[in-house]
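What follows is each chain in one-letter form.
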Amino acid sequence: MNIRKKIAAFSINQYKWVTTVIVLLTSVIILMAALPSIFPEKFPYLNSLRVDTDPENMLPANEHVRILHNNMKKVLQLYDMVVVGIVNEDHPDGVFNTKTLNNIYELTKFAKTLHWTENGEEKGVVEVDLIAPSTVDNIEQGGLGVVKFEWLMSTPPKTREEAIAVREKALKIPFLNGTLVSEDGKALAIYIPLTHKDLSYRVYSALKQKVAEFDGDEYHITGLPVAEDTFGVEMFIQMAVSAPAAMVVIFILMLIFFRKLILIISPMIVAMVSVIITMGTLVISGFPVHIMSSMIPIFIMPIAVLDSIHIISEFFELYQQTRSRKLTMIKVMDELFTPMLYTSLTSAAGFASLALTPIPPVQVFGLFIALGIMLAWILTIIFIPAYVMFLKPETLEKFGAVHIPGKEETLTITGKFMARVSKVTYRYAKVILTVAVLLVIFSIYGMSLININDNPVKWFTPSHPIRVADRVLNKHFGGTYMAYLALSARDEHFDRRSFARTFRTNAERRITSLDFREAASVFNEVINLIAKSAMTASSSKEVYQNAMDFINKKLDTTSDAFAEAWDEVSLFVEEEKQKNQIFKNPKVLDYISNLQNALLDTHVVGKSNSLADIVKTVHRELFEGKPDHYSIPATSKAVAQCMISYQSSHRPNDLWHFVTPDYRKSSIWVQLKSGDNKDMSAVVDSIEKYIASNPPPIPLKIEWFGLTYINVVWQQKMVSGMLEAFAGSFLVVFLMMTVLFRSALWGILSMLPLTITIGSIYGTVGIIGKDYDMPVAVLSSMTLGLAVDFAIHFLARSRQMYLSLHSWENTVPVIFSEPARAIGRNIIVIAVGFLPLLLAPLTPYKTVGALLAAILLVSGAGTLLLLPALMKVLEKPLFRSKPVAGQCCNCVACVVSSVTLVVLIALTLDSFAQVSWSTLTWFVVITVPVMALGCGLLSRREKCKILTNEEVI
Amino acid sequence: MITGKKNIVIFTMFMFLCSGFSAAYADLTDVDQIVNRTNRIAYYQSTDGKAKVNMIIYDSQGRTRERRLTILRWDQPDPDGKAGDNYCGAQKIYAFFDRPADVNKTVFLVWKNMDRDDDRWMYLPALDLVKRISSTDKRTSFVGSHFFYEDVSGRNINDDTHELIKTTKDYYMLKNTPKNPNLVEFAYYEMWIHKVSFVVVKTDYYDKENKKYRTYEALAVDNIQGFPTVTKSKMTDLRTNGYTILEYSDVKYTISVSEDIFTERYLRKPPRTYLR
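Residue numbers (this note's numbering), protein chains in the order written: chain U, 1 to 953; chain C, 1 to 276.
Just chain U, same shape as in the assembly (with noise of 0.2 Å):
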């Protein structure tokens, strides 16, 4: 008895045991998930449940671009915006109507107090940052000389020409005008920070009741928080909905096949615990149920069922042979093994490739839907057939495919369909070829054409409230999409000579122009100092704070007659020390303007806020409003006393929005009109040729950063690590098919349609101009691990029997009927499982199972009329070999595993160690010929020589 038969008959000897055992384990799996979660203070050594929707963790913590997001974050006090938009397309007035403003300000009102405190610590909006009419500063001329701030709509207004007031004032300013007014009145929006992300759907459900009291005006609420967040929480309602109406399709689709309910019970219950082990390991293991995650539920289900499918069809042909469920069973199992583990490995390789990718959330879904498979394919081999023992004798009475000799069959209408086409396959071989050619040529073609993109907001599906927010409001204003481009100093390399030599120019000429005779005993003092200690300090700052230190103690203790000079040079030194405050200098700062006309001739962006901006205006409201004062001030000082006058007004912190207090730090607050990565990364593209062409008058070190910007990085990484995993499960499974089939010729044989599918299928995706999103990309892989499925069944079986009919015409209609049946029944029960998907009102889950539906159809024809057509063709040499006894007997076969072993190990060595290529190549070239010449020795062995059909698969 070989192990297969082994193992069939210990479930279905100990099959009270399995059972029990299964049972006992589900549960403790179930108890150590779920009550943690329910009762977290009575277990704080296990894992709860904790949910992740936040898109930033795509990216590792550690990677430079979080990093730098949080940096400047805190340093800026930036945070994350909910905008909501209020437009009023009907009043002459437009929003500037008393009633609306009236609304507003009540809004603005009730905004400010959803805040709260949850563990000592003050989380909602913040109040102070809010931008809103009854929050913000107008700066304008007073009357003749005088210049006012003054809150730009203290009180909601009266009368019809306070309301335009309002509109007047602030379409002056320009940091308002295009972010909280837009050009033609239209519209308003208020811009409500958040301490943290996750609070923005409580946020937005509270705002959302709150303007449901108001008529006349559309409010729209929107902001890419507000659609990550919202995402997460519709994520979940939908993983409720799709995973359950996957399990009913599925279960009514076999029903029509097998039409024996008691049976098909036991391949959902082997869905069913899979799903519950694999989430409740994803759990108890600590890691996040993520927007990837959610979706390991329902790549599962269609899964496990697969490998019950085969064994029931077979059980279903079988058992009326012999009447027997245990030697049924154990006749199933023995032909089955050995294609259902392949299959499942090689799903689970699938999947385990997206380990590969650079990004988290992608490799615990990959893993776990990797672990989830195995588990369902131990569950099918070890639960099936102890299942079957629990049924009575009498209710399989009936069951089964009744074979009586010499009684022509009535066929099923599967059984029909499967006869023409196995007819057609032989007839029109080349046909099929030819064809499948073109659709190589096709597939090729459109995927020159694949357009990577993707924005969260477009998953929603058009018609979403948030969708449509984004589309007015991104019609009336700058835009809602939030990028910021940070400018930071870079480090000063402190150059002692070059240092003091620069101090004594500046002092010298400083002394020429004081006119008392003091000040040149005085300055020489403080110059030597200074050449002193610049020798031994190990920084400017530290030769600065000497300086100080010792004008300090001297005007302490000296004679009037000096203090006026002691006095001059303190004011010196803190001068000289202050010119590395870069953003006060206005050559920066008219850089910094040139860049914000760069970002405006992208189209993209609609609009940008600067530091620059902030002088520019209050240089602007100090010289009486005009126009040709809206400038940069000549001089530093000029720059800093702009700044001084703005900071006395309601909101002084603004300023540090825009610079750190040390002034080495800035950042351009950027809107785009879109949020696509597309035009986010054009953004990013032009600017870089912007500045290579036009570089800063002083070393800065230029870096984007913000939610739209993160979501660029990690779909770049996203793309390129997907192509690694796609090579790499590629790899992993032609090494398994070769090694299964000991040959590499029937290895790329079995690879041949799922390569088919996957290229038409991402041609298709290139020439409808569906965007290559987060969706898409992670389909690639995991379609390879599932298509690969059908071929290994067909092939194996034809191999098998081709052995006893010795002529692939002879073979042809023995194998178009069970097994290319039970092969069609995978391809429906998987492909119309996935389909509830379609359903669902986010755009990712429609996208996954539209594709993956379109994937598991096209490589299903592609087994079953692409396998056979080439089998016909290259009957020769597939079957003129005689089968070879052990793995390394088949000197080619050898070969080819060889170097795709060695190929597979330097891209893992790449993705994961960061070994060089140069060093990889190397380690190429020399594993290789070794690996070649040890495949020569082995395949002449005596061993080889040896033929047995026994261990031929």
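Only true hints are included.
If you want the footprint, here are the derived chain C segments under chain U, 3+ residues with CB under 8 Å:
| no. | region |
| --- | --- |
| 1 | 58-64 |
| 2 | 123-132 |
| 3 | 138-144 |
Below, a list of computed lysine-lysine pairs in the DSBU-like style, where the Cα atoms sit at most 35 Å apart:
| no. | chain 1 | residue 1 | chain 2 | residue 2 |
| --- | --- | --- | --- | --- |
| 4 | C | K252 | C | K105 |
| 5 | U | K148 | C | K269 |
| 6 | U | K123 | C | K202 |
| 7 | C | K50 | U | K579 |
| 8 | C | K179 | U | K109 |
Because the hints were derived from the structure by calculation, they are not lab data. A virtual CB, placed ideally from N, CA and C, is assigned to each residue, including glycine.
Got chain U; can you put chain C on it based on the hints?
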């Protein structure tokens, strides 16, 4: 944060200092009397004065910015000399900025009027610009600090209604409610006034949701030329957790500063002798 204990320490010391001139004291019950005395101690001691102010602005991350300025004050003489402790008249304030270096020589000039809005000017040397600033709203930041203009110049006592909420062993506690709530951001504020010296040791501002959002504390008080003088104070914004500390040094009263100094002409030409 300054605890109540520390305040008590300061005040025990302070009571000793000023015991010489404080008459035997019975608790006052007339709220106006308390308000007037407090106002005088805070803003009208002697007839003029000067102080060097070191201002350190702290943000919630502990980052600091420093400003150094000299303040000169001149009071409109009491026309009939009868107001005494209750004196409250027009004032002129000249604030000269020394540091940061790039705002050196910037000047703020305030004419505090009793019957109309104040007059306010600023002089920005780098732009060579004298500018009048409209001052209908005095509750804007004083040069980016957590203090408002009104905290520096003094809020007109007639703008609020005052209630004596309670009298403790050492303090009077007053609740002040604005007569026109639309002009200010607070709903009311509570003051703790030291019973002997009439120094305000703490003021808490409450918003319309009755939530405390801003706090003033006197951190040190000295007796200077016989005048109880706050020499260190702190204003905290409880919403952002930022605060500003003011330290006064070189405080001098009765310096006989001339009224001419407080004119536009002296903005461009600072009066060196008074500023040294």
